[in-house]
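Protein chains in written order, with the numbering used here: chain B, 8 to 348; chain A, 156 to 421.
Watch out, some of these pointers could steer you wrong.
[Stated by the list, open to error] Label-pair ranges, simulated between beta-carbon atoms:
| id | chain 1 | residue 1 | chain 2 | residue 2 | range |
| --- | --- | --- | --- | --- | --- |
| 1 | B | ARG229 | A | GLY186 | 54 to 60 Å |
| 2 | A | ASP360 | B | HIS266 | 48 to 54 Å |
| 3 | A | ALA217 | B | HIS266 | 53 to 59 Å |
Don't read these hints as lab results, they were simulated from the structure.
Don't be surprised by glycine CBs; every beta carbon is placed ideally from N, CA and C.
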Amino acid sequence: MILDLERFQAQAQPRWRDLESLLATLENRPDRRLNPAEGEQLQELYARVAADLNRVTHGALALELRQYLERLVARAYAELYYAPTTRSELWQPRRWLGIFTAFPETFRRQSRYFALAVLITLLGCTFGGLAVHYDPASVDVLLPAEYLRNPDERVHQEEQGKARHRPSTQTEAAFSAQLITHNIQVALLAAALGVTFGIGTALLLFENGVLLGAVAVHYTQRGFGLFMTAWLLPHGVFEIPSILIAGQAGFFLARLLLHRREDRNVRLSMRDWLVLVAGLAMMLVWAGIMEAFFSQHHAPVLPYGFKVAVAAAELVLLTIYLLMIGRKEIVAESGATSENR
Amino acid sequence: MTDTPSSRASTSAELTIATPEGVLFRLPLAGPASRLYAMLLDIVIVLGVVNGVGLLVSWIFAKAPGFGVMVITLAEFAIGFAYSALLEGFWNGQTIGKRAFHLRVIDQTGLPLRIEQAWVRNLMRVFDALPFAYLVGGLSVLSSSLMQRVGDRVAGTLVVRQTPLALPREESWTRQKYNSFMDYPAIAIKLRRAATPELASLIQDALRRRSELASYARREIYRELATYLQSETSPFPDELVERLSDEQYLINASGILVGDQRSSRV
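Generate coordinates for the entire structure from the input sequences, incorporating the hints supplied.
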């Protein structure tokens, strides 16, 4: 077909201009919703301009014209087929507060990945603990930081209440922010490493487990078990589960990518991943505050029994939160795949 | 038309979308370089904002520097993560840097991206940035036919180029009263069939930029184009061609290619 481009363009140009101005209006509208009349108009213009594009792609030599029409069709297509979340909804506090119930719900729905994360961490703990138990010299390799290797000196200093270990509230505040950002970064990395089919996540969890196991056995061997419990647990009861949840998110992501082809409901699954990451970030904020303001105070100031009791109370609250809050699910359903929600 | 002309596809990466109505359109994908520039601009903006916040906070917390540091650290962290995600989510796939370089993040089905996707692709940056200088992300972009970094693959998004396009203007040379090539309709149709879109737009460009070209360059370019057309695609009779300047030859050819062909329509 030989197409008279000039005449064609002259004839069709009014509807292209119409579509252009309609799109400009719609794209600038905050909620991007159409009223029925606009919808009808858009549908009609879209169909006609798409037909124009088809004629141009078949017969013509005008590159610029084709690109122009392609752009126009692409924009109309996007407006026509996109079902946006309205922004007014997005700004409702109810929607944002929903994260507090969505987090435990998602946690329970994807609990088998959590179990996997726990398993790998426990393997790491066992390895680290056994290594230090049977070969105390391995401490030098397993524990990177000096203060972790020499508990005697550390505990002594801490309990003496030496000046540099009695930080002011000011330094504690700065310290807590550093802890929070660092921990969230590590946790996020664990969750993102899911794209390595979970291998990276598993390695990170295992390493973390080795560290925990080694520290626990090392301190207990030297008779500082209580000190260590009181030192680590007030923040650890939030920090350790949050790393485990990061692992859960990582394995969930790995699983999601592995059967992406069949899974048509990627959007919902992505939301689950995001909810887990957001939830663990909230937990780490609390853990960072506790670690800086509470955990670093030792026996003469804060009795160990009190610290351990606080830790236990935190753990109970966290457990209740993760297991009880939000919509209950029937047991049979919770075992089902992520797609049914 | 089920296949895109391969000559076009070779010049840049594209995404071809087939709509339910059976319309095909193509979106040009953004290359790593423009994305890098956009990111650098965004980084400069984020650093500016962060430092501004830092100054403000340290002024407010002058009496309590520790809390000042705490607020600054947390604010920096939050701004660093949320900047791209929030802007892309609410601003139809564009950050300030992306807008400046005419880039847009979209869903890989051609639709606008969703807020979840904006968050996922930006949180996945921690992986793309590994081990340093976005090595993983860069390799992923280069090895992907859709130029996706890992975050894009996970979120199902891609970055397209959106330079503003205008409707082609009506050109004077397509409206000349008399086109001597029209006297040879068979050859004219042959020219039309043989010419590719690239060739047609090349001729148009050469004519359009007449005044921008130095005279010797113009002569040279017009001569080459006219010789090419005459020898490769449309051998018009010598007695006609000899009477035409190279420029007039191209104007006539261009008239055949995109112009009004009242006289040649069969």
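Cβ distance range 53 to 59 Å for ALA217 of chain A and HIS266 of chain B, holds or violated: 56 Å, holds
GLY186 of chain A and ARG229 of chain B - C-beta distance against the hinted 54 to 60 Å: 58 Å, holds
Please test the hint of 48 to 54 Å on the beta carbon pair from ASP360 of chain A and HIS266 of chain B. Taking Cβ atoms as reference, ASP360 of chain A and HIS266 of chain B lie about 49 Å apart, which means the hint holds.
In summary, the structure agrees with every hint in the numbered list given earlier.
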